[in-house]
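Protein chains: 2
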Amino acid sequence: MAGIFSVYFSPHKQLYQSLKNILGFYPQNISLYLLAFRHRSAGSDNKENHPINNERLEYLGDAVLGAVVAHYLFKTFPYKDEGFLTKMRSRIVSRVQLNQVARKIGLDELINASLSNKAKFGSITGDAFEALIGAIYLDKGYKEASGFIINRIIKLHLNIDDIENKETDFKSRLIEWSQKEKQELVFEILEEPSHENNMQYKIGVMVNGVEKGRAINFSKKKAEQIAAEAACNLLQL
Amino acid sequence: MAGIFSVYFSPHKQLYQSLKNILGFYPQNISLYLLAFRHRSAGSDNKENHPINNERLEYLGDAVLGAVVAHYLFKTFPYKDEGFLTKMRSRIVSRVQLNQVARKIGLDELINASLSNKAKFGSITGDAFEALIGAIYLDKGYKEASGFIINRIIKLHLNIDDIENKETDFKSRLIEWSQKEKQELVFEILEEPSHENNMQYKIGVMVNGVEKGRAINFSKKKAEQIAAEAACNLLQL
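For the protein sequence lines, the chains are A and B, in the order given. Heads up: the first sequence begins at 8 in the working numbering, then just goes up one per residue. Heads up: the second sequence begins at 8 in the working numbering, then just goes up one per residue.
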């Protein structure tokens, strides 16, 4: 544990206190956390021209988060197969989810003040969240990082039931919309698997005869989903 | 540590000994390891119709392996950026690499004996390797799993330099082959981004006028690489 003295006499006293509130403990090596909140857009390289930013910590934190969430889901759903666990994990660690969580715990306030407000509200907060996990892992080890993720993030800020029931079926979403809005919707097969050099489906999503998305995939179902996702994005559904 | 008595009087004495040789320690909860080597093709569900196989452990082990390798690379390459670290990790944990490692440490001998020899030499060994890591993690914790991966796998069986220099540029490989074999090779743009519904490149790889691979991607370079990879596979390069 960092001596309480080092906190009181540190130029980063405020950061120590904010981190204590977020993490539940005082950080040991404050420089790791300072790095975690330094986004690449903040600039400044060191003498040897190595960029000093949080991207390496983000890479590490992403991996640690993946393992912790995998273990949490493994324990929470003892009878679910790995397909379900994989799907749930990708939803939990999605950029959208991480950005939300990061803002809920107040990370946006800690991110390098030199950044414009606009930048703060991009996925920078989610990046910083992953980098924070990398920092905790290096500072305190796997157990402490795992405790933070499970007790302070998942249990406090995520609703696992909601995540489980979240609609990610874009085709259904599109069909529902078209019926409600009385739009003509057609999933058109633009190309079918024919010979050895073309083994994929090309699907176009046509709304009132106008293509709103297309995709190619070995699986027809997947091609439809991807094309539908593109159309949902375009139509802002 | 598992009491030496439980090893001597166990019906799985042989497995205990094999695992001791592979892991460097006696397993505590042998049932986890028995499960790790039970591939889905071995069949047999429990009473409630829940499949009993190693897929959930494989899912967990994959995540733990990802975190441990991420940390190892983070420490080993202090001045490399996250792009390099990501690339290196995906090479280390590739199916091909894991299958090789699994066979080197003798895992194929431990995989459920009911499997045919043919099945053993698929990616089942790599799957079992990941499941083994999941078992170690649950049995002994993150530190022990990390020690096994770094000291018994990476340091003993992987050549990080070789992995770093491995050729994965399929376009270059194809060009080299075409020059050596005097084949006419053309990367043909079949479709270019035109309007909002088609923002991707479609690239075909033509060898002597015959298409050997094609791909679609927002990036022309990526489409070329994917199409080249398909062609390399088809031509068995």
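There may be inaccurate statements among the hints.
One copy or two, it doesn't matter: identical chains are merged, so the pair holds either way.
Unchecked claim - Here are the computed lysine to any residue pairs in the SDA-like style, where the Cα-Cα straight-line distance is at most 20 Å:
hint	residue 1	residue 2
1	147	97
2	94	112
3	82	147
4	20	32
5	209	227
6	27	98
7	189	78
8	162	84
9	229	186
10	20	89
Hint data in this document are derived by calculation from the structure and do not stem from the laboratory. Since the structure is predicted, the reported quantities are computational estimates derived from the model, not experimental observations.
Hint check:
1. 147 with 97: neither (26 Å within a copy, 26 Å between copies)
2. 94 with 112: Intra 25 Å, inter 31 Å, cutoff 20 Å: neither.
3. 82 with 147: Only across copies: residue 82 and residue 147 sit 16 Å apart there, 23 Å inside one copy, limit 20 Å.
4. 20 with 32: Answer is within: at 14 Å inside a copy they meet the 20 Å cutoff, but 45 Å across does not.
5. 209 with 227: Result: close both inside a copy and across copies, 8 Å intra and 18 Å inter.
6. 27 with 98: neither (28 Å within a copy, 38 Å between copies)
7. 189 with 78: neither (45 Å within a copy, 53 Å between copies)
8. 162 with 84: within (15 Å within a copy, 35 Å between copies)
9. 229 with 186: Result: close neither inside a copy nor across copies, 22 Å intra and 38 Å inter.
10. 20 with 89: neither (44 Å within a copy, 30 Å between copies)
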